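Model the full assembly from the supplied sequences, consistent with the hints where possible.
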Amino acid sequence: MMDKKKILEVKNLRTYFHTFKGIVKAVDDISFDLYEGEILGIVGESGGGKSITGFSMINLIEEPGRIESGEILFEGRDIAKLNQRQLNTIRGSKISIVFQDPMTSLNPVYTIGRQLEEPLLLHTKLTKNERYEKCIELLNDVGISNPEKRLKNYPYELSGGMRQRVVIAIALASNPRIIIADEPTTALDVTIQAQILKLLKKLVTEKNCALILITHDLAVIAEMADRVNVMYCGKIVETGPVKEIINSCSHPYTRGLVNSIPGIVEDKAKLHTIEGMVPNMFQLPKGCNFQPRCAYSQEICIEQEPKLSEVNSMHSLACFFPCKEVNNNE
Amino acid sequence: MFKFILKRLTQMVVVLLIVSFIVFFMTSIIGNPVYNMVPETATQEQVDHVIRQLGLDKPLPVQYLIFLKNALNGEFGRSYKYNRPALGLILERFPATMEIVFVAMTLTIVLGISLGVYAGSRPKSKVTKLIMGGSLLGISLPSFWIGMVFIYLFGVTLGWLPVSGRGPTTTIFGINTSLGSLKGWTHVILPSVTLALGNIASIIRLVRAGMMEVMKQDYIKFAKSKGAPNNKILYGHALKNTLIPVVTIFGLQLGGLIAFTTITETIFAWPGMGKLLIDSISSLDRPIVSAYLLFAAALFVVINFVVDILYAIIDPRIDLN
Amino acid sequence: MDNTKKISKLGAIFGSEFIYNYKKSKIAIFSTILIILIVVIALVGPNFTSQNPYDLSNLLLRNANKPPIWMEGSEKPFLLGTDQNGRDMLSAIVYGSRVSLYISLIGVVLSAALGITLGLIAGYFGGRFESIILRIADIQLSFPSILIALFLMGIFGPSIRNILIALTLIGWVSYTRVVRGEVLSVKKKEYIEAAKILGFSNFKIITKQVLPNVLTSVIVISTMRIGSFIMLEATLSFLGIGVPMSEPSLGTLCNEGFKVLYSGLWWVSIFPGLYIVLIVMGVNLLGDFLRDELNPKLK
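Chains as they are written, first to last, in numbering that gives the first Met the number 0: chain A, 0 to 329; chain B, 0 to 320; chain C, 0 to 298.
Rather than coming from a laboratory, the hints here were simulated on the basis of the structure. Treat the hints loosely; a few may be bogus.
Stated by the list, open to error - Pairwise CB distance ranges, derived in the manner of DEER restraints:
1. B/Val305 / A/Arg65: 26 to 36 Å
2. A/Pro63 / C/Arg160: 52 to 62 Å
3. B/Trp184 / C/Leu78: 36 to 46 Å
4. C/Leu60 / B/Leu309: 50 to 60 Å
5. C/Gly125 / B/Val126: 45 to 55 Å
6. B/Pro270 / C/Ser141: 23 to 33 Å
7. B/Glu212 / A/Val277: 22 to 32 Å
8. C/Lys258 / B/Leu16: 49 to 59 Å
9. B/Leu157 / C/Trp69: 41 to 51 Å
Said to hold, decoys possible - Computed footprint of chain B on chain A, listed as stretches where at least three residues anywhere in the stretch have a Cβ under 8 Å from a Cβ of chain B:
10. 81-93
11. 96-104
Claimed, not checked - Under the rule of at most 25 Å between Cα atoms (straight-line distance), these lysine-lysine pairs were calculated in the PhoX-like manner:
12. A/Lys80 / B/Lys128
13. B/Lys215 / B/Lys123
14. A/Lys5 / A/Lys93
15. B/Lys231 / A/Lys127
16. B/Lys123 / B/Lys220
17. C/Lys207 / B/Lys128
18. A/Lys24 / B/Lys220
19. A/Lys10 / A/Lys285
20. B/Lys128 / B/Lys2
21. A/Lys24 / A/Lys285
22. B/Lys239 / A/Lys20
23. A/Lys148 / B/Lys239
24. B/Lys128 / A/Lys151
Quick caveat: nothing in here was measured; it's all calculated off a predicted structure. We treat Cβ as the ideally placed atom computed from N, Cα and C, and that holds for glycine.
What follows is the structure in structure tokens.
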């Protein structure tokens, strides 16, 4: 892990939404690194800030949101400070995003071919024929049969799974260094989910790019990711190698997530859930955000916000009383 | 596709038949045209003779069939006033009308779509507020009033532009048109703008609403994540999705433009079909009125048909069968 | 006490959210005030005008061609100037607005009555009746209303009665569609629920259920209709085939004024037109607001 090259450095990123009702701190002072060839998972409940983190990587944040402060260092530049034109040289070419819902990510009035060709048109100098060849190649890479025919199809003629493959192909078109996948399988059937995940993993290895995998499903993370950031209410509460986090001492929230995975915990009769509800983002607690739902909280948790502290060189968490339970399962 | 065209063609014919029947029915129950055709001093014999000549003594259904047969041959009778074939008169004036309609249409498309796209993509800017205010005005102003204001401002007060009549014509591509000369354009501009104003306003509002809807969609965000520049997003990705309702409205508007030439031509003394119609209504020149109505009906039916085809071309999801 | 009761009843009908949004919207309040003003002027205006412009004995030629009050050569009390016959424009506009408003309002009422009736028939009886009515509606919609109006007025001749007939025949379509739709959805419910009830009582039930539900749509359509009817009538009158000169509407005034526009007497035609713009804008603004609040589907 240490010898791998660092390709992305996020420092103290804050993305806030300035709404009429108040400020929503969707991403509140997070920092993490991304290494070449790895799969970094970002996990947490809906609204926890994971998707916004993903979009912030290429500053695809729209009014009333914006990146307040922090740095996103990529290839010697700070993405957070670039203007639209500069951002457009990175988007879709060096860093691309796979959206969640394949039924709505594709433009209904243009053919697959046209939409697949677009990143090539924008970011490469290939000729028309070369682009056509590349499109065929891309569709083959993502496992779509009969690519010549598919290029002429419209999105409505394809199934959900196929559309998601096309979306992935589009994301891969200009050989990006980083792919951000925002809940790439949530909107798909269970059987297709496994296929798509397998596809993603294969592509990442083949092309040696990095993948930021955003999901609320820790089971997916367990399958796919090397490292994981656990986010809650806009903050990273734990980060580290996946195996270590699932098996050993961790943040109560992470513990709760792990225990909620059916089958992880020995007691198969009960389905564990995390008690309580996600707090109102306009009125976050003074101290630890998770405190109201935490079984282990004490006085200090209400007063002070815990900061990330190292357990070992790769693993940190933000908690005054991390649980010492050890999970016996693998 | 072929089945679709066939089906629509049959519909067109049915509609035209119905319209022809209504036109015939209405015009025949109102008054007796005979008295327009004979001098006041005519004897009963002469009157009867004319009645027989015009076929007015035959039963109504037969008259209708004769009317239909003649209509299909382009025969609508002779104008009482000009004593020339009605349809011929209309066709003579047709190019003049289509001139201002054409210019008005172009203005509508260019200004309507571009301003609408701008207003839709930047809903909060000051310019947008101006555009929207202007468009509200545009749909509330009666076109005859706008015409009068223009005439007074540009004609009487400022004297910049001529306010009546058509400019000198030349022949371009075999069509007699006044758009070939600068002087011709000075005559065309006021009537065309008057015609177009209301339509431009409607299109702006429609395009803006559509764009605002479309810009919220996921596929727009996905396109942005590909690194597409703003113009490409607006005009490439968003606009085509907005165009579907716009095309329908535009078709209707085209029909409206042709209808509104009646007013505009009257105000600006433009020698087109519209003015002819109004004059004919005032002078009770029935053949021209019937001929105009059927001609206009045919035009509208064809326009609607073309709009439907365009619809299907733009939106690939539409199943023509 | 009575007024508060009324308001709360209205509030119950439209839902308190509507009243809340109404109070919040400057446009809604502004347009309502404008409309109320216009109606008041039309109703009691004639009592305050400096002359009755249609009483020929009132008109003195020496008053003719006077410009509005802020220009040279004007004369009180002719605030907006006079026309070539000595008619005071302000008075003419007040009287003219009555005619215009009267025609559009009656036109809306009549076309609504026709439209709703046809909608009920089409929905309830279905079959042949429904097809025919819908067909006619579709065909009519493909033609611009101005053309239909021109045709009818051209055939029947200009008079207030004929204009009303024309407006009725033009405006019924939207009402019919909405009402028919509602009847169809009610019919489905009734059919399942009460197969036992036959004959007329069925009709009564349907009507009773349908009408309250379409009330909001009818209100929105009618408000927009008033605006378009005023424009339509004004246009017809301007062309000389609308309201005759004996009892001129605002459109007829414009027609008369147009004749002297070239000689520079702009106030004779521009002011009546301006008043039309005011009325139409007020109605459109209110209609827009009502539609957004009550029934966005109608967009």
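We went through each hint and held it up to the structure:
1. B/Val305 / A/Arg65: 26 to 36 Å: violated (46 Å)
2. A/Pro63 / C/Arg160: 52 to 62 Å: holds (58 Å)
3. B/Trp184 / C/Leu78: 36 to 46 Å: Taking Cβ atoms as reference, tryptophan 184 of chain B and leucine 78 of chain C lie about 40 Å apart, which means the hint holds.
4. C/Leu60 / B/Leu309: 50 to 60 Å: About 59 Å separates the Cβ atoms of leucine 60 of chain C and leucine 309 of chain B, which means 50 to 60 Å holds.
5. C/Gly125 / B/Val126: 45 to 55 Å: This hint holds: roughly 52 Å between Cβ atoms.
6. B/Pro270 / C/Ser141: 23 to 33 Å: Because 28 Å falls inside the window, the suggested range holds.
7. B/Glu212 / A/Val277: 22 to 32 Å: Roughly 30 Å apart at Cβ, these two residues keep to the hinted range, so it holds.
8. C/Lys258 / B/Leu16: 49 to 59 Å: violated (42 Å)
9. B/Leu157 / C/Trp69: 41 to 51 Å: violated (20 Å)
10. 81-93: holds (count 9)
11. 96-104: The restraint on the region 96-104 of chain A holds, since 5 of its residues have a Cβ under 8 Å from chain B and three suffice.
12. A/Lys80 / B/Lys128: With Cα atoms ~30 Å apart, lysine 80 of chain A and lysine 128 of chain B exceed 25 Å; violated.
13. B/Lys215 / B/Lys123: holds (15 Å)
14. A/Lys5 / A/Lys93: With a Cα-Cα distance of about 15 Å, the restraint between lysine 5 of chain A and lysine 93 of chain A holds, given a limit of 25 Å.
15. B/Lys231 / A/Lys127: holds (19 Å)
16. B/Lys123 / B/Lys220: Roughly 19 Å between the alpha carbons, so the hint for lysine 123 of chain B and lysine 220 of chain B holds.
17. C/Lys207 / B/Lys128: Violated, because 44 Å separates the two Cα atoms, which is more than 25 Å.
18. A/Lys24 / B/Lys220: holds (22 Å)
19. A/Lys10 / A/Lys285: holds (23 Å)
20. B/Lys128 / B/Lys2: Distance ~46 Å between lysine 128 of chain B and lysine 2 of chain B Cα, so the pair is violated.
21. A/Lys24 / A/Lys285: holds (14 Å)
22. B/Lys239 / A/Lys20: violated (35 Å)
23. A/Lys148 / B/Lys239: holds (23 Å)
24. B/Lys128 / A/Lys151: violated (41 Å)
Comparing the model with each earlier hint shows violations of hints 1, 8, 9, 12, 17, 20, 22, 24; every other hint is respected.
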